[in-house]
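Trainee: Listed below are the residues making up each chain.
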Amino acid sequence: MSIESRLVASLCMLPSPPEALLSVDRLCVAYPLEHGNALVVRNWTASILRGQVVGILGASGCGKTTAALALLGLLSPSARVSGSVRFQGVELIGASEAVLRKIRGAQISLIPQEPLLSLNPVIRVVNQVAEVLRAHRQIGAAECKDRAKSALAQAGLTAQDLQQAYPHQLSGGQRQRVLIAQALVCGPSLVVADEPTSALDAVSALEIVRVLRSLVRTAAASLILIAHDPRLLKAIADRVLVMHDGSIVEEGPVREVLRSPRHPYTQRLLRSLRDAAERPAKTSAAPLLSVQGLTKTFQRRGRLTASGREVRALAGVDLELRAGQTLAVVGPSGAGKSTLARAIARLDPPDSGDVLLEGRRPSQETIHRRIQMIFQDPGASLNPRFSVAEALAEPLAIQRKQSDLAAMLRQVGLPESALSRRTSQLSGGQKARLALARALTALDDRGSPCILILDESLASLDLYVKAQLIQLLSDLQKQRSLAYILIAHDLSVAAHMADEVIVLSEGRIVERGAPRNLLQSTRHPHFQALAAATLALEENA
Amino acid sequence: MLRGYLLRRMLHGFFLLAGISILSFVLLELAPGDFLGEAKLNPQLSPQTLLALRERYGLDQTLPQKYIQWLGSVADGSFGISFAYNLPVSQLLWPRARKTLQLTLTSLALSWLLALPLGVWSAAGRDGWLDRTVRIVTSILIALPDLVLACVLFFVAVQTGRFRSGGPALPVTILVLAALPMLVRHVRSAVLDVSSQPYVRVARSHGIAGARLWFRWLLPAAANPLCSLFGLSVAGLISSSLLVETVVGWPGLGPLFLEAIAARDFYLVIGPVILSATFLIAGVLVGDLLLYAVDPRIRIRQ
Amino acid sequence: MKQLRSNQRLGTTGLICLHVAVLGAGFLAPYDPAEQNRAFTLQPPTRIRFVDGQGQFHALPFVMGVDGRARSLRFFVAGAKYRWLGGPSSRIHLFGVDEPGHIFLLGTDEFGRDQFSRMLCGGQISLLTGWLAALLALGLGLGLGLVAGFFGGWRDALIMRGAELFLALPWLYLLLAIRAFLPLSLSPWTTTLAIALLTGIIGWTRPARLVRGVVMSAKERDYVYAARGFGASSWHLIARHCLPETYGVLFTQMALLVPQFILAEVALSFLGLGIGDPAVSWGTLLAPLRQLAIVASAWWMLLPALFVAATAWCFSLLDNEGERNGAVP
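Chains as they are written, first to last, in the numbering used here: chain A, 1 to 541; chain B, 1 to 302; chain C, 1 to 329.
None of these hints come from the bench; they were simulated from the model.
There's no promise every hint is true.
To be verified - A few chain C residues that face chain A, going by a derived Cβ cut-off under 7 Å, partial list only:
1) D222
2) Y223
3) A226
4) G229
5) F230
6) G231
7) A232
8) P244
Beta carbons: idealized from backbone N, C-alpha and C, even for Gly.
Isolated chain A, as found in the complex:
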């Protein structure tokens, strides 16, 4: 079929043409609440043709995963599903377990999120792939294992010892490949990939997505790719459906939708990516923070043996930071970024080296008032039993200060009414703001410049909220001339926010410079890959 006729068929709301592999008609999923129902998926209507790659784009919580699970009848029994989903002529909604069991994994398969949590921790990965085959085909054990091995190899996991490994011994990207092998081993006609790269860094993400595309093409199957990052969809999808609050608000060929979106929500979503904060020129003043020769070694004890392994987390790190400046620290996982952050904030004191504040070694109390850290998962840094007021007042009580709680909340864009709510009731973005407000409360407000360390704090937020938080942070920086140390593995955030970027690898600084310069002309191999991937994802953005 030509592109034009595909366009016409997909935009048309009439009954789908006979070659449609999957046709969904007014799918609704509701969960009963105390009063009324919570409608998670509203009137979803779409059709997927053979060999197509369809992307589903939307912010987190908009119902994408729920819709995918509804297709396979995997929702909890309390969910109420209505509408029609026809797969190769067979109606899936309300079908018996026996029918669904045959379809799952063999004809429609799901690649789930969270690779570590989606694999059985006590079974070797090759056996996990083989089990899927054994559940569907009457083949002997040995042959199942052989086919499993070749499926893993096709997904990119070729080494024998990797195939025989257990999930926790593999990296995130390798686990994702296992999930892909599991999904494709029975040769399904439709693959649903639910955010396959959200837990990965940019290099692995691009690779995974490319592997997926080639495998699906070889198998002549269709692919539904669910993501919240439009750059991924641009890489491999033919069509895209934009979801907001349970319903499809826009659909069409991917390049068209991403270049000139029509729905206001899509426009907002895409614009948030392009906004870059303005970087005013910095005057060269004396450094606020000066770190010299920081080292830290960990003793890793085996659980059952007495011998330990020495891990050198930091091996001599120097850096400088000025008031009003943002420094980004990037590097592969395990490079020592978090250790560096905790060493500067003196949560885990370094073995040797100096951390000087305005040229002097600060006392414990000074550190508490001038340097604060915001953790990777802002929600986890708030005690769920506390109310917002109690969480905000805690540093005040410890440091014996007074402050206006409502004003603190307003500063970060939270309403005063939030004071009486439990911290566990806030959304992800609100928790991040609260953690920020609390850190600001602890900092000295008598005018001395302070330092805020953000340890991958923005990574767990979705694009939309992330953009808002970045704006808030840069506003605060201008107001209070705060200095930020930003630890990130998402280079685009670093590129937008930082004045200077440091690349950390195995405890050492291997490169430093202004972000744009580094992106163009870096020499460090990992950073090169990272930079290339980021640029590739951002082309034409």
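Put chains B and C on the given structure of chain A with help from the hints.
Mentor: Here is chains B and C on its own, set in the frame of chain A:
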């Protein structure tokens, strides 16, 4: 790796046993009333025997010396002497220990062999008729104290004329009924905990279901807490067996222990204490080895 | 009461009734527990009738005396002297029958003592021991668990090594071994206290381990690190962030430990190493069941065991985790 682990645990066990024995000897010193004083000795012992005993066990020496003499007796296998029976303790202990082991090992095997499938089926058919029945019956049995269970079953056996003195059927039944409900509950709970993990839904999404899902996929993942439970179940069984042996009249370690306490027969008191600790430590070790075999996360962490 | 589930309400009600009955044992029991009636050894429970030999219905229940004459049940009779909780004394009992009639609701033992009275009075010692021991064990466990979990290091190692020593022995063997070193016969109150103390001291390990586990994971939470970043002292961290996490564990442990320690006392007395004559506890009530002859002929001697079971059952109803308790230390 495994050998090193095994050796370390056994060494650890020896230290524990040594600690327990030392503590027992120390308590003896603090105890009011005479344990090793001559007034407590069997008045039928001849003066020569008394002299020999005093020399052999250092009865009039200091505490550390008494302990070392006792260690010597452990080394040559006699474990001290029973003043009431005028026999080496080991001669009294081993036959009794065999009888107790007979009971405890049978009950241990039976209760686990029954608990695993019952727990898994109960979890698999959650809220179905099997699950509900299992939950009600285990709730009732768990609440029933072991002692009461033993008395009631003994009573029933005697009244219906089924009681055969010296037969193992009644004590094993009591022990299994005492241990089984808790095991079933824990197996069920462990399996249910695992069944809410994401990888189980993923397995279902691949079409894995039924017995394959529950026994091949879920049970191994749930094995971790169950292996720790194994050691605890051994501990519970040993304590329960003391009560059951007393009620039913089974000639095991329990009644011997009680006799020794009442008679203030010191070395005969220490013997069962050390022996029961050994059984328990061995049971916990087996549990840990099972864990090592079943959970790769423990293995690999070395 | 409203927040509790139905089985918890049932359990709480049962326990309240039980404790009230035991506290008022002297009043509720028709006879003195130590009073022996040599003429009435091993009597089955007295039958309470409403219809007499002539077929006449009496509104007030009565019993048949040995002389064939009916004697009505009377309320608020004068009987043996007793003390309310060791304080003021009284002679009024809730119910009784005139001499020479007898009302042995649960029969008598081999010395002619009324089992019903003995059961009520025996509950005082058994319950008291259980509660005292549980409070002691929980207090010790909480303190040691907090220290071990929060501070770690040598304190943790020391406390855990100590716990291992206690746990290396099966609990009954441990209890008996320590009991063995105390004098065999002590006065009843001393024995009660001693048993409570013993059981409590050896029972600290499980609560301590659970508290330690809770504290260790609580202390690794990000919000504790954040509070450290504000300059919080250890005391603040323990009190504000760790301690509230332990409340759930403490409550569940309480509901588990009290019945366990009651049963420990019962086991000890049953084996002859707990409370001795003339005092009475539930364990001494069960002790005659060790004799085959009694089990074969006097079925009513089993009834106190069912009462103990009912008590344990009420405690188990309090367990609000129901089927999800995986409380493995």
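Trainee: Determine for every hint whether it applies to the structure shown.
Mentor: Results for each hint:
1. A cut of 7 Å between beta carbons decides the hint on C/D222: the least distance to chain A is about 4 Å, and the hint holds.
2. Hint status for C/Y223: holds, given a least beta-carbon distance of 4 Å to chain A, under 7 Å.
3. Because the closest C-beta pair between C/A226 and chain A is about 5 Å apart, less than 7 Å, the hint holds.
4. Nearest Cβ of chain A to the Cβ of C/G229: about 6 Å, under the 7 Å cut. The hint holds.
5. Look at C/F230: its Cβ gets to within about 4 Å of chain A, closer than 7 Å, so that hint holds up.
6. Evaluation of the C/G231 hint against chain A yields a held restraint, the C-beta minimum of about 4 Å falling below 7 Å.
7. This hint holds: C/A232 has a C-beta 5 Å from the nearest C-beta of chain A, less than the 7 Å allowed.
8. Hint status for C/P244 relative to chain A: holds, with the closest Cβ pair at about 6 Å, below 7 Å.
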